[in-house]
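Please construct the entire structure, taking both the sequences and the accompanying hints into account.
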Amino acid sequence: MTTARQAGLIACHFCHTLSKLPEGMEAKTQHELTLGKAIMHCPCCQSSLHSRIPHSLSRTWALLLAALILYFPANALPIMTVIYWGEGQPDTILGGVVHLFAEGMWPLALLIFIASVFIPILKLIALFSLLISVHLKMQWRPKDRTVLYRITEFVGRWSMVDIFVIALLVALVQFGNTASVLPNLGALSFAAVVILTMLAAHSFDPRLIWDAIDDENSIRNDESL
Amino acid sequence: MNSNNLNHIASIPPISRLACPDCDLIQTIPPLADNEVAHCIRCGTTLFKQQKNSINRSLAFAITGLILFIISNLFPLLSLKAVGLTQESSLLSTAFALFDVNQLLLGIVILLTTFIFPATTLLGTIYILMQIKMNRINCYTAPLFRFLRSTDAWGMLEIFLLAILVAVVKLGDVADMIYGVSLYAFCLLILSLSLLSYSLNPQDVWNKLRDSNGCSG
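Just so you know, the sequences run in chain order C and V.
Count the first sequence with this note's numbering and you get residues 1 to 225, in order.
Count the second sequence with this note's numbering and you get residues 1 to 217, in order.
Calculated from the structure, these hints are not laboratory results.
Don't take each hint at face value.
Below, computed lysine-lysine pairings styled on DSBU-like, alpha-carbon distance capped at 30 angstroms [what the hints assert, rightly or not]:
hint, chain 1, residue 1, chain 2, residue 2
1, C, K143, V, K49
2, V, K49, V, K170
3, C, K20, V, K49
4, V, K208, C, K20
As structure tokens, this is what we get:
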């Protein structure tokens, strides 16, 4: 069981080509590449090589905190206003779900609830706990944590469905005072939450989960020698 | 080998050996039979899919997708009839409707995710697969493919289809809906896009690009 980092190799993030680091100074070069002090290019796709995503943790923290801050206006402010016979009715995300439920459209209410309320919260919690587990160098169930990361990364984009529904309603329902739909600031905040959490998931490096285990193993091996 | 560009790369180990992108463990992938998938022994991530004719099939789906994408954009997707007026909406007009009500940022997000990224993905994939098939790989092929891989998650047409369904159900009992020709084309487009992402094997494309040494000069 050797990782690329232990073997003095570096795997390209995009095309997975393995490159050899200069002999005798593998650890130093890896450190410098991650900090951006040295540059090495992948021989296959010319992307700059890093053993781990540079500043992965601080970037993920920043994006995630920004998403958390915007999560409040996204839920508190109305996402759209439905004007019907001259009267406006602003709706928040949860208000819209309740509205659909009251009208008996519960499959739709469930869909919007999962995409717009459940998934964003789940993503925020999952990424926070992944970040904290990496900071604490936890050894606990690395495989499950990797799976959790992969689910988070995969499922996040589906939260955009509510934004698309608003955009479609705005484009379709434009009959002046009789009936029209206008987007509100809540929609923009919610779109920002979805985009920021997607970027946060992309900037998190799942290999950091395994580094804690690999470091522990190499210490144990050193002691047994 | 393009040696002047690479600072100190001595040699590249054989292709069948790779580090898991999710846990960094070095593994050797044995020769696989058709439709076999290699998973990381430690974290279970898919490392490699063996598919016959992956490039040809992907090219076919990408070209089909491009034709359907053009048809989807030519005609309205949905029309709404109320108080004697008809309001039409197409892919692009959805984004422009947001520009009209002064939601510039939201409009840009919709424009990027439902038009620009999907169009780039289709055109770029066709271009790269054609280059591979015609043996015309050049310096820009690999960086272009890298760009397409990194923008892959931002094309959200399948989510837009779900949004259309939601909008149809929401408006269905309030006003008359007319389904345009483009809606059928759009459904088929989503089908061919998912078949494309199923048949396109990124690692296969990278191996071809690596073997060709397109940038050596």
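Straight-line alpha-carbon gap K49/V to K170/V, limit 30 angstroms | Measuring from Cα to Cα gives roughly 41 angstroms; hence the hint is violated.
Does the alpha-carbon distance linking K143/C and K49/V stay inside the 30 angstroms limit?
-> Holds: K143/C and K49/V sit about 21 angstroms apart, inside 30 angstroms.
30 angstroms limit on alpha-carbon distance, applied to hinted pair K208/V and K20/C = Between K208/V and K20/C the Cα gap is close to 21 angstroms, so the pair holds against 30 angstroms.
Does the alpha-carbon distance linking K20/C and K49/V stay inside the 30 angstroms limit?
-> Holds. K20/C to K49/V sits at ~25 angstroms (cutoff 30 angstroms).
Hint check: a violation occurs at hint 2 only; the rest are consistent with the structure.
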